[in-house]
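As they're listed, the protein sequences go chains F and Y. Heads up, the numbering used here is the position in the first sequence plus 1, with the first residue counted as 1. Heads up, the numbering used here is the position in the second sequence plus 834, with the first residue counted as 1.
The reader is advised that the hints may include incorrect statements.
Ranges between beta-carbon positions, derived for each pair [as the list claims (entries may be wrong)]:
(1) Y:946 x F:118: 50 to 60 angstroms
(2) F:143 x Y:878: 49 to 59 angstroms
(3) F:218 x Y:863: 18 to 28 angstroms
Simulated pairs of lysine-lysine, BS3-like, Cα-Cα distance not exceeding 30 angstroms [to be verified]:
(4) F:15 x Y:1045
(5) F:216 x Y:945
(6) Y:965 x Y:938
(7) F:139 x Y:1084
(8) F:15 x Y:908
(9) F:15 x Y:868
(10) F:66 x Y:1047
(11) Y:882 x Y:908
(12) F:216 x Y:853
(13) Y:958 x F:14
(14) Y:1122 x F:74
(15) Y:865 x Y:1084
(16) F:66 x F:15
(17) Y:868 x Y:1054
(18) F:66 x F:139
(19) F:80 x Y:908
(20) Y:887 x F:139
(21) Y:958 x F:61
What the hints contain is simulated information worked out from the structure, not anything from laboratory work. Don't be surprised by glycine CBs; every beta carbon is placed ideally from N, CA and C.
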Amino acid sequence: MKGLILKDFYNLKKYGRQITIILGVFLIFGIMMKSSLYICFMIMLYGTMTIITAMSYDEKAGFDKFALSMPIKREDLVKSKYAVWLIIMFSALLVSFVTGLVINLFVGGNYIEMIISMLAVESVYIILFSIVIPIFFKFGVEKGRMYMMAVFIIPSILGAVAAGVINKAGISINENQINQIIENDMYLIIAGAVIFVILAVYVSFRVSVRIILKKEF
Amino acid sequence: MENPSEVNYTIELNNVVKKYKDFSLDHVSFKVPKGNIVGFIGENGAGKTTTIKALMNLIFLDEGQIRVFGLSYKENEKEIKEQIGIVYDESCFHETLQVSDINKIMSNIYKNWDQKVFYSYIEKFNLPDKKVMKEFSRGMKMKLSIAVALSHHARLLILDEATSGLDPIVRDEILDIFMEFIQDEDHTILVSSHIISDLEKIADYIIFIHKGKIVFNRSKDELIYNFGIARMSEAEFENFPKENQQGVRKNKFGVEVLVNNKQELMQQKHEYVLDNTTIEEIILFMVKGELK
């Protein structure tokens, strides 16, 4: 499995350099806009999304067929991809923490709020990609991209519709009340979120393994 | 479990059936004896790649069994694949990788990866160490795939259309490497190709697949020794014994009959012309002629 992980990192070397340049530009924007969150979210998004690039490289090379002709278990093919995903994602999260802290040193800002926002956004990314990765294993990257858009867009549409319905029904949402709830049960909410995220990744992994066990190459 | 060194057949396929919408492997059975080069021949779409995929456990069988080195995939997949070197028709290495990257990746995949052997092939094949795969020609990529297949002390080399699309000089170099590999009597090679002349040079056995069925699996020398083409007139053909005809081709000059008893016919008195034949001609006869 180590060989497969190494393969992804060698492949992503050049891509990593390109992304670093793009993020450098975003960093300048972030400083100009006096906001650390913008650049932090971008770093995290690229960190989470890189797995798609790794999978598309494999698809282009026809590597999976070759990998399974070597002494590699089907399950390890999946395991290595999730390992690469988590390694890059958490590295990106760490980089975005440090970037956020450094920017905040210059422009000022609430550290706690920044960290909580980042973790909340990261949780959403992880949950969305937990849905997306098995789709990529099932349909391949080219077709998978269409389904990915659906996974991203449908929740937004549902959210907008729900907001519309709530508005129409005349139910007013008291922001203070919600903030109160969050403040009172903050640790409980964080613990719940962490468990939910871990569970999402685990279920996603098991589903991907099942897909690969049944797939013909 | 059988002791691998006592197994006489490296590959055994027994009644393998795999059905697709528009194509099926139809009860494919053959054995590949240890220490031989076996040519797996058939036109495009005849089922060569599907058979190799089945052999590599990449697809699931509807029926039948496969054993490699006397072992079944169910319990011994890793052990089997450690000992197979495989080369597909397309290079499976990513465009961004260099030779040194591939060396490191493979050393973490194969237990018996031998860096020294790998670099000796890289040198022998004149492959550039610092270039990325994107800049490699098709011939270079294929040589690299062969170098990888030969650098982990494999006992079985499988090549799926690996020499197709290469120029004759590169193909010849590769055939020399195969001859070197097969010097060890524990080694076996299965080469699938539709370039029959290549296989004619090196193969000990020829397996011919047509429309998902095995037509024959015979020693090359036996084929060349026993098969021949009898050329005769329509009138002569009427009286020509039917039992040893393998294919018939009619044209305006008369009738050509592929026979599998050339030696026997040579002993008999005959008016017709009896010629030697090649594997390529035998195959063409069987595919294009009226198959018997």
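Hints versus structure:
1. For residue 946 of chain Y and residue 118 of chain F, the hinted distance range of 50 to 60 angstroms is satisfied, since their beta carbons lie about 51 angstroms from each other.
2. Checked against the hint of 49 to 59 angstroms, the C-beta distance between residue 143 of chain F and residue 878 of chain Y comes to roughly 25 angstroms, which is inconsistent with it.
3. The given range of 18 to 28 angstroms is respected by residue 218 of chain F and residue 863 of chain Y, whose C-beta atoms sit roughly 23 angstroms from each other.
4. For the suggested pair residue 15 of chain F and residue 1045 of chain Y, the alpha carbons sit about 45 angstroms apart, so the restraint of at most 30 angstroms is broken.
5. For the hint pairing residue 216 of chain F with residue 945 of chain Y, the CA-to-CA distance comes to about 26 angstroms; that is within 30 angstroms, so the pair holds.
6. Taking the CA atoms of residue 965 of chain Y and residue 938 of chain Y, the gap is about 16 angstroms. The hint holds against a cut of 30 angstroms.
7. Between residue 139 of chain F and residue 1084 of chain Y the CA atoms are separated by roughly 51 angstroms; this puts the pair beyond 30 angstroms, and the hint is violated.
8. Proximity of residue 15 of chain F to residue 908 of chain Y is assessed by CA-CA distance (about 39 angstroms); at most 30 angstroms being required, the pair is judged violated.
9. In summary, the hint linking residue 15 of chain F to residue 868 of chain Y is not supported, as the alpha carbons are separated by about 45 angstroms, beyond the 30 angstroms threshold.
10. A hinted pair counts as satisfied when its Cα atoms are at most 30 angstroms apart, and residue 66 of chain F with residue 1047 of chain Y qualifies at roughly 24 angstroms.
11. Taken as a hint, the residue 882 of chain Y and residue 908 of chain Y pair is honoured in the structure, with Cα atoms around 23 angstroms apart against an allowance of 30 angstroms.
12. For the hint pairing residue 216 of chain F with residue 853 of chain Y, the CA-to-CA distance comes to about 15 angstroms; that is within 30 angstroms, so the pair holds.
13. Taking the CA atoms of residue 958 of chain Y and residue 14 of chain F, the gap is near 29 angstroms; set against the 30 angstroms cutoff, the hint holds.
14. A distance of roughly 43 angstroms separates the Cα atoms of residue 1122 of chain Y and residue 74 of chain F; the hinted pair therefore is violated under the 30 angstroms criterion.
15. Only pairs whose Cα atoms come within 30 angstroms are accepted, and residue 865 of chain Y paired with residue 1084 of chain Y is rejected, the gap being roughly 35 angstroms.
16. Distance hint between residue 66 of chain F and residue 15 of chain F is fulfilled; the C-alpha atoms sit about 24 angstroms from each other, no more than 30 angstroms.
17. Taking the CA atoms of residue 868 of chain Y and residue 1054 of chain Y, the gap is about 16 angstroms. The hint holds against a cut of 30 angstroms.
18. For the proposed pair residue 66 of chain F and residue 139 of chain F, the alpha carbon gap of about 14 angstroms is at most 30 angstroms, so the pair holds.
19. Taken as a hint, the residue 80 of chain F and residue 908 of chain Y pair is honoured in the structure, with Cα atoms around 21 angstroms apart against an allowance of 30 angstroms.
20. For the proposed pair residue 887 of chain Y and residue 139 of chain F, the alpha carbon gap of about 19 angstroms is at most 30 angstroms, so the pair holds.
21. Between residue 958 of chain Y and residue 61 of chain F the alpha-carbon distance is near 29 angstroms, which keeps this suggested pair within the 30 angstroms criterion.
In terms of the numbered hints stated before, the structure departs from hints 2, 4, 7, 8, 9, 14 and 15, listed from lowest to highest.
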